[in-house]
Amino acid sequence: MSSEATSRRLSILLCIIMALMLSIVPMPDTAAAYRPDWVALTLIYWSISVPRSCSVGTAWIAGIVLDVAQGTLLGQHALALSVITYVTAKFHLQLRVFPLSQMMATVMALLALYQFLLFWINGVAGTYAEVVYYWGPVVSGTLLWPVVAMFLSGIRYRSTRSA
Amino acid sequence: MPAGGGNSEHRSSKTTALGLRLLLLASLSITLLVVDHREHHLDNFRKAVGATVYPLRIVVDAPHSTWRWISENTASRNDLLLEMSRLNAERLLTHARLQRFTALESENARLRAMLEATSKVRDQVQVAEIMSVSSNPYRHNIIINKGSRDSVYNGQAMIDADGVVGQVIEAGLLSSQGVLISDPDHALPVEVNRNGLRTIAVGTGEFDRLDLPFLPNNADIREGDLLVTSGLGGAFPPGYPVAIIGSVTRIPEGPFAEVNARPAARLNQVREIMLIWSVDSERDLEAQSDPAPGDAAAQNAAEQNIE
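Top to bottom, those sequences are chains L and F.
Okay, so the first sequence: first residue is 6 according to our numbering, each after it adds one.
Okay, so the second sequence: first residue is 227 according to our numbering, each after it adds one.
Because the hints were derived from the structure by calculation, they are not lab data.
Short, incomplete list of chain L residues facing chain F, as computed with Cβ under 7 Å:
#1 LEU25
#2 MET26
#3 VAL30
#4 VAL61
#5 TRP65
#6 VAL73
#7 ALA74
#8 GLN75
#9 THR77
#10 ALA83
#11 LEU84
#12 SER87
#13 TYR91
#14 TYR133
All C-beta atoms in this analysis are idealised placements derived from N, C-alpha and C, irrespective of residue type, glycine included.
Isolated chain F (complex conformation) (with noise of 0.2 Å):
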């Protein structure tokens, strides 16, 4: 960098020095920017600078977490007792429920292996906590506390305790980004788990409401209806919960009805989430072949990030 001078040719040379330098600089963030949409090469060059800004989130995070630990350390007896029964009895009733589930699944496991299809084996999960950091303001995005050190992967799913919250669309090295279901860019392939009907489930920006955008008008689907996930975009496992039918419109002059659904997952209040693996093999097949056609969720961003 020159030293400052007076005169008005230094200062001429300067400004045009600026400028160019401008000209370089705005080329290159168009560069990036094509880069960046177009294909995902840069994928390296973001986790190295997400690594400098993991400390910014840290120290962001740090008054909330500090909250959460204080409240949690000085929690008064009683509550923790009532929390423990609480948990308890809940503890309980899950434990009844997984009784009847393990012997469904053997049934399901020895049924499969009479009709030859493989078995589907159980998927791994792993908790990581929701960073209290804003991020993307024109999408709903998250940030979690774990990385590709914890073997995150873009386009993983994440659950909570009651369904499908969303999917990693940037594991950084030590946290990750994910995008939420409720996204407007966001598009999952969902059946009905009452007749196995195959939909799509497209965010709409509200944190309470999935559209349905493409069942017809005749479409057998009801209130209340519960969603799961099909499993056929090969980013989602199938079976979990997704969301639940909340009203249907049938519209006789359109070609297809107005069906929307809540959530089952409470996508605003959630603190952790779950990161799943799904251990069969199968997942990086579909992965490498080409998407399906019907598979509408391959055009967004998010779904693109799995390739």
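Only chain L is shown next, with the shape it has when bound in the complex (with noise of 0.2 Å):
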């Protein structure tokens, strides 16, 4: 059991450290505004599948990480993640019975309170974007919601299988 934990925890510290190397990995300018958010999409499915091991204590964390990481104020992605995780874990075991469609809804709808809270906090310190910035990520990281999902289950069912 708790070999099985501790294997999970691993997995999903290694997922979200690749997730925070794909948030910054250099894109061309045209398609940067269209970066979805890696970490985010990581921490959703994480806490959908295994609320217990990932939840707003990790979608924390990783967000100061990505704060640092991507110079933006401290604990701006950090409290965006953290509520959308709690979002996620709260209605995780709804969630986990969606189809895929509906799931892809729900995935748009958190990402657009991301963005939205970023957004916000942006506007409160005076730091001027172009909208693109806010909903491209929204859009891509809905239409890559299946893939990075089917992804990180098939981790997830090695990592436990291992175990």
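Assembly of the complex is requested from the two constituent chains, each provided in isolation within its own frame, with the hints serving as guidance.
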């Protein structure tokens, strides 16, 4: 039991590190606005499937690291990520039985909430950015959700089997 | 963390715990946000977390730097010879120009001594490489591979071979973050090299355009004028080229003319930048005293970091 939990924690940690790296990989200027919120997607997946090992605390720490990595205000991503993780962890039982289309709609709503929080904090702090930087990630994240979920569930089953 | 129980009572207590934790973390983040935005007390915390982010940056940068290493090591003899002859020609030209420069510099020092003005000491530079890691999506930022271990400080000026690139806004331990002069939040005190007209160059969010929003219609400014740093903000040493005036549109009914300029540095193509240390101690004095009222640049966050 405990070794299973440890290996699960480890795989969650690795996934988050991977997501953090993907969010600082350089992209061409035209595509930069459509960079999906990798960390948010990863956290949504894990907090639906294993909300006990991965919820607001994990999200907050990941958010702080993301804030430092991207040089945004400290706490900006941390706040937004812990809010959406709270929502997903709270409704994880309902979300688990959703069909894909409904799940994608939910992911879209969650990402929109996430971007709204970032937008709101930017607005209060006086940081201006083009609007595409807010809706671009929502669109690309929603479209990529099936792939991300498939990939992460592959990792999840492998990690539980190997334990 | 409690072992999972199946009964509903346990579950409801867990959800409250979840809500409580969110509340706690949310208020903590808001505190951090306010403290980070208003004051700059969290620099050390940022540095500590930044040290853990550094390996990620290295890994992300690795493919690019490996590719560079490979292409450097497998360059053909012919290419190398061509480049060498090109560099040699360039070196000759620069040396020829430098000969005059040394004479001018000593003349300048003599004249300044006659006027009993403090002479400007030559600046020190260090080369830093831009890591190919993207950062803050909302701003024009770059990450460089030098940090406070190499005595990089917040507000330090960055130039490339052609002109001013930007300034350091967050000196980490091993890598630092800089803001480009094209960032919409960045403003830079400049003067026209031809006549010493002082103004502010503001970033637009485009790599090839700066705005000069505070020039009156009758200002003596022409297309092709060179803008250099005036050194008034305290962050940049004076005399470095910034931009060349691209277009001047005088608007008779408005208070200001519409002037924009093309940055001298190739902001989106540079791989290496130079960090400047002004050797004279004037900078420290200026930084300590309050910024001048005409210094609109003091408004932006980048400049605030100097204090």
